[in-house]
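Participant: Next come the chains, spelled out residue by residue.
Number of protein chains: 2
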Amino acid sequence: MRLRHKPWAGEKLGQYPQYAIAEPETYKGHWAEVFGNPNPVHIEVGTGKGQFVTEMARANPDVNYIGIELYDSVIITALDRLIEAELPNVKLLNVNAKDLKEYFEKGDVDRVYLNFSDPWPKNRHEKRRLTYKDFLKLYEEIMVDGGEIHFKTDNQGLFEYSLQSFSYYGLLLTFLSLDLHKSDFEGNIMTEYEEKFSAKGQRIYRCEVKYQS
Amino acid sequence: MRLRHKPWAGEKLGQYPQYAIAEPETYKGHWAEVFGNPNPVHIEVGTGKGQFVTEMARANPDVNYIGIELYDSVIITALDRLIEAELPNVKLLNVNAKDLKEYFEKGDVDRVYLNFSDPWPKNRHEKRRLTYKDFLKLYEEIMVDGGEIHFKTDNQGLFEYSLQSFSYYGLLLTFLSLDLHKSDFEGNIMTEYEEKFSAKGQRIYRCEVKYQS
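Protein sequences, first through last, are from chains D and U.
Note that our numbering numbers the first sequence so that position 63 is 66, with each residue one more than the last.
Note that our numbering numbers the second sequence so that position 190 is 193, with each residue one more than the last.
Hints in this document: simulated from the structure, not taken from any laboratory.
A few of these clues could be false.
Which copy is meant is left open, so a pair is good if it fits within one copy or across any two.
Mimicking DSSO-like on lysine-lysine, the simulated pairs with C-alpha atoms at most 27 Å apart in a straight line are [claimed, not checked]:
id	residue 1	residue 2
1	Lys125	Lys185
2	Lys130	Lys185
3	Lys109	Lys140
4	Lys140	Lys130
5	Lys213	Lys136
6	Lys140	Lys213
7	Lys199	Lys185
8	Lys130	Lys104
9	Lys31	Lys101
10	Lys130	Lys101
Given the sequences, and given the hints that come with them, work out the whole structure.
Facilitator: Here it is in structure tokens:
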């Protein structure tokens with residue numbers, strides 16, 4: 004299985020099946036079983052060290068959160084947070100975002116969060132950006148009709164690219180802030196990265212977009 | 004007629020019929036007659052003192068420009084510029100933008116420029132913003148199919164509002180810069196206002212949107 008070559012991380016993740024879902028393909032179409040309730044499921048693609056998804060889960064007990072993270076080096080920190088937080092409504096998946104359809108079917112997910120995603124600034128890496136059209140199609144294929152993407156970043160180039168990508172895909176721009184920390188937006192939960200960069204005076208860009216049927 | 008109560012401005016505008024079109028309703032559907040050629044027509048709604056439209060006309064002799072401005076106090080300066088510039092491809096209309104359909108019919112205009120439009124920041128004044136949906140409909144009704152709006156402003160709130168308004172209207176976001184003067188965008192022609200505010204380090208936001216058929 005996928006963790007074969009990462010013995011240390013795999014071993015620790017394996018010790019906490021209540022937080023790190025070992026065989027997520029088992030729950031495709033049945034995520035309510037994992038959480039023990041039919042609440043909406045919000046996923047964060049690229050959850051990093053897990054501060055966002057953990058604090059969102061704490062603030063919103065009626066929503067089920069799943070943090071998706073490929074890299075061992077950070078997901079282990081996210082796991083430590085979850086062990087500490089002891090929340091029933093947040094889980095981790097140590098998988099690649101491009102394989103989301105192996106774990107979720109149409110309607111399984113209500114919202115996708117993208118926070119400070121890798122900008123992949125070179126044109127030849129456009130397809131790796133999590134707001135590239137193929138990813139927008141992938142999210143659509145696992146979300147409910149009218150599902151939403153909530154996206155924030157400090158990277159101006161990625162934000163410019165993403166707003167255009169959303170427009171070309173036909174997504175509706177339902178919220179936009181070009182300077183989140185100076186706006187009247189309430190209830191912002193910061194990522195580790197956001198805390199660090201906004202403290203330096205860096206602008207944070209944020210938007211919400213919605214799929215139209 | 005509309006200039007009755009502005010004798011001084013009206014008189015001066017009336018002395019230069021080659022630059023200030025006195026009875027624009029006459030040319031509805033026939034703007035090629037005014038310019039003596041069938042080149043594309045780009046209008047600037049709220050042309051102010053006319054620097055943008057004059058310099059665009061100088062830089063692009065194969066495009067016909069029309070600057071539309073309601074206020075006497077500034078259109079007189081725009082007229083002085085045109086007298087000085089002696090360009091055949093730029094005209095002024097001293098009319099209200101909400102009456103555009105009196106002067107233009109479907110297909111008369113190829114592109115609309117909106118530069119540093121009044122932000123009308125209060126919610127109750129939303130309908131006055133030149134990117135409000137009723138104005139987007141108005142521009143559509145006088146433009147060719149696939150017509151474009153090119154918009155720039157230093158006002159963050161107006162830009163946020165406008166990108167959402169464009170999205171709800173179904174316009175395609177074909178260009179976006181969140182910091183125009185630090186971007187690699189070439190050929191930017193500045194307005195008087197833009198020169199002043201960008202010199203203070205104020206960011207300029209710019210986008211292009213396209214009507215989809």
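Participant: Does each hint fit the structure? Answer for all of them.
Facilitator: Status of the hints after comparison with the structure:
{"no.": "1", "hint": "Lys125 x Lys185", "in the structure": "between (30 Å within a copy, 18 Å between copies)"}
{"no.": "2", "hint": "Lys130 x Lys185", "in the structure": "between (32 Å within a copy, 25 Å between copies)"}
{"no.": "3", "hint": "Lys109 x Lys140", "in the structure": "within (11 Å within a copy, 36 Å between copies)"}
{"no.": "4", "hint": "Lys140 x Lys130", "in the structure": "within (12 Å within a copy, 35 Å between copies)"}
{"no.": "5", "hint": "Lys213 x Lys136", "in the structure": "both (14 Å within a copy, 19 Å between copies)"}
{"no.": "6", "hint": "Lys140 x Lys213", "in the structure": "both (13 Å within a copy, 23 Å between copies)"}
{"no.": "7", "hint": "Lys199 x Lys185", "in the structure": "both (16 Å within a copy, 24 Å between copies)"}
{"no.": "8", "hint": "Lys130 x Lys104", "in the structure": "within (17 Å within a copy, 44 Å between copies)"}
{"no.": "9", "hint": "Lys31 x Lys101", "in the structure": "within (15 Å within a copy, 54 Å between copies)"}
{"no.": "10", "hint": "Lys130 x Lys101", "in the structure": "within (11 Å within a copy, 43 Å between copies)"}
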